[in-house]
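If you want the building blocks of each chain, they are given just below.
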Amino acid sequence: MRNFLAVYTKEMRSYFVSPVAYVIAGVFLFLSGYLFRNILMQFNFLCMQFAQQAQYMGGQNLPNLNLNEIVVTQFFGVMDFIWLLVVPMLTMRLFAEEKKNGTMELLMTSPISSLQVLLGKFFACLSLYTIIVALTLVYCLILELYGEPDWGPIFSAYLGYILLGGTFIAVGTLASALTENQIVAVLLSFGMLLLLWLIDWSASFAGPTAAKILQHISIIEHLKDFQRGVIDTKDVIFYLSFIFFGLFLTTRIIESRRWRR
Amino acid sequence: MIEVSDLAKYYGDLTAVENLTFRAEKGEILGFLGPNGAGKTTTMRMLTCYLPPSGGRASVAGFDVVDESMEVRKRIGYLPEQPPVYNDMTVQAYLRFVAKIKGVSSAGLKGAVDGVMEKVGLTDRRDSVIGHLSKGYRQRVGLGQALVHEPDVLILDEPTVGLDPNQIIEIREVIKGLKGEHTIILSTHILSEVSMTCEKVVIINNGRIVGEGTPESLTAQMREGEVVRAQISGPRESVEGVLRSIGGVVDVVPEGAAEEGDDQVYVVSSQPDQDIREQLVRKVVENGFALRELRPLDITLEEVFRRLTTEEVAV
Numbered sequence: 000m001r002n003f004l005a006v007y008t009k010e011m012r013s014y015f016v017s018p019v020a021y022v023i024a025g026v027f028l029f030l031s032g033y034l035f036r037n038i039l040m041q042f043n044f045l046c047m048q049f050a051q052q053a054q055y056m057g058g059q060n061l062p063n064l065n066l067n068e069i070v071v072t073q074f075f076g077v078m079d080f081i082w083l084l085v086v087p088m089l090t091m092r093l094f095a096e097e098k099k100n101g102t103m104e105l106l107m108t109s110p111i112s113s114l115q116v117l118l119g120k121f122f123a124c125l126s127l128y129t130i131i132v133a134l135t136l137v138y139c140l141i142l143e144l145y146g147e148p149d150w151g152p153i154f155s156a157y158l159g160y161i162l163l164g165g166t167f168i169a170v171g172t173l174a175s176a177l178t179e180n181q182i183v184a185v186l187l188s189f190g191m192l193l194l195l196w197l198i199d200w201s202a203s204f205a206g207p208t209a210a211k212i213l214q215h216i217s218i219i220e221h222l223k224d225f226q227r228g229v230i231d232t233k234d235v236i237f238y239l240s241f242i243f244f245g246l247f248l249t250t251r252i253i254e255s256r257r258w259r260r
Numbered sequence: 000m001i002e003v004s005d006l007a008k009y010y011g012d013l014t015a016v017e018n019l020t021f022r023a024e025k026g027e028i029l030g031f032l033g034p035n036g037a038g039k040t041t042t043m044r045m046l047t048c049y050l051p052p053s054g055g056r057a058s059v060a061g062f063d064v065v066d067e068s069m070e071v072r073k074r075i076g077y078l079p080e081q082p083p084v085y086n087d088m089t090v091q092a093y094l095r096f097v098a099k100i101k102g103v104s105s106a107g108l109k110g111a112v113d114g115v116m117e118k119v120g121l122t123d124r125r126d127s128v129i130g131h132l133s134k135g136y137r138q139r140v141g142l143g144q145a146l147v148h149e150p151d152v153l154i155l156d157e158p159t160v161g162l163d164p165n166q167i168i169e170i171r172e173v174i175k176g177l178k179g180e181h182t183i184i185l186s187t188h189i190l191s192e193v194s195m196t197c198e199k200v201v202i203i204n205n206g207r208i209v210g211e212g213t214p215e216s217l218t219a220q221m222r223e224g225e226v227v228r229a230q231i232s233g234p235r236e237s238v239e240g241v242l243r244s245i246g247g248v249v250d251v252v253p254e255g256a257a258e259e260g261d262d263q264v265y266v267v268s269s270q271p272d273q274d275i276r277e278q279l280v281r282k283v284v285e286n287g288f289a290l291r292e293l294r295p296l297d298i299t300l301e302e303v304f305r306r307l308t309t310e311e312v313a314v
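Those protein sequence lines, which keep their order, are chains A and B. Residue numbers are given in numbering that gives the first Met the number 0: position 85 of the first sequence equals residue 84, and the series is strictly consecutive. Residue numbers are given in numbering that gives the first Met the number 0: position 117 of the second sequence equals residue 116, and the series is strictly consecutive.
These are calculated hints, taken from the structure and not from any lab test. Predicted model only: the values in this text are computed from it and were never measured.
Here are the simulated DSS-like cross-link-like pairs (lysine-lysine), alpha carbons at most 27 Å apart as the crow flies:
id, chain 1, residue 1, chain 2, residue 2
1, B, Lys73, A, Lys99
2, B, Lys25, B, Lys118
3, B, Lys134, B, Lys109
4, B, Lys109, B, Lys175
5, B, Lys178, B, Lys134
6, B, Lys175, B, Lys73
7, B, Lys134, A, Lys99
8, B, Lys118, B, Lys73
9, A, Lys223, A, Lys211
10, A, Lys98, B, Lys134
11, B, Lys73, A, Lys98
12, A, Lys223, A, Lys233
To give a feel for the contact side, a few chain A residues facing chain B, derived at Cβ under 7 Å:
id, residue
13, Asn2
14, Val16
15, Ser17
16, Thr102
17, Glu104
18, Leu105
19, Thr108
Just so it is clear, CB atoms sit at the ideal spot from N, CA and C, and this is done for glycine as well.
Turn these sequences into a full structure, and let the hints steer you where they fit.
Set out below in structure tokens:
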């Protein structure tokens, strides 16, 4: 635990000492803020149209437009794509930099297991991700000020986001452990994540069993329930097992040096 | 303290080291000498549990490097050739981090970090960011990192490479100051470093040990007889003849090509334990030549190294 904390604090410190954390948080919040604004404007426009329509129809009481369904779901739907681009940049340095700097030699000759190193790094990255994601709660507070959003699905969506982030980070960490070149690490994780994202596309052309499998592997597919406010153990287990598998492969890669006799 | 027997490491078909056997006692400084690419770093990486050996055994403080790796790691301090530092950390924060992962207790953390900064002369740089330090200071940080948990064994891979002469002397002083408390293995390809700091030398070439012993015993072992260097003016042929007539002289080699009548340097070898200098002076004077210079040639560790490492290539 002590070793884990030592690595964890070191990683957190290095995110916040360098401009990395601030730039990533800044860029992400700017982009997501811009998207949020546009979605909100669109909702406004829809509301106005709706009201006009209602008047035209003779003042009948039409049901209210659903803020959650239109704004929240749509917003979360675009946010995951931004994360797909950003997470590889958070994870690229995790192991690649250690290898390049020769500090891997320090870690691997210290009385600390590779699992402790890996978990320290993984959770530091996940914490930074969670902090940035949590900052988007501000947008939901704006909704609360001017409307009546349903907070249940919002929180379940956030839970889904943290699980999705863990999955992205596990893939990124794996890529970073494979190389000592950070650009290679970024590209590898982009490649893997995009493939896992788009894999259900090919489900349309596959046989019925294969289609089901492909749909199940797609990392985005499992987020949809969370956004609707449904926390399904099936989805939770999917993400957790994905994270576990990614981290398991990463420890194998780190330790592979020790097998090569 | 350190026992290595029959250690070997292969990278595919390439043999990095083979048949390595040596030991270092507690408190000793062992010099690990070899040309670049001889297998020094590979050996050190095996001793520090970074690489697994392909064959043979190695143990540090009684613990096997493969089976009891964690115990070994607690007891070694390792400075790789490139100091393993994080450029974005301050000296103090870095040393604290290393102390933590090396298992220094929370209570002893501050004392250990302060103590080691004092020892390697970093106290006034404690808040500097490592990335901004000069190479010499970075090397000190690397040394501090290896020392912070008071290890029994210190393994230093070319600790003075890339430093300026003053820094080299400083680092050597630090290393010499550590003698006695720690068992030290130090690799280098700089020979004067070995004769200055080490009690025991292992010379390695192409992954094999080619010489082992104290610096003195190694030079003695190499010495095949006495050699003097004499600068004499006189006709070359006759001077050579006179020199050869001295009892015990085995060989006379004129050094360089000088013109007739000019000063000429001769390297005169004789049988072991025979000092021919007095006789040589007498003969030269008797024959009417002028003796300009007479100096015994001592074989240096440098020469031992050159002979050992080049012979191996020829074999």
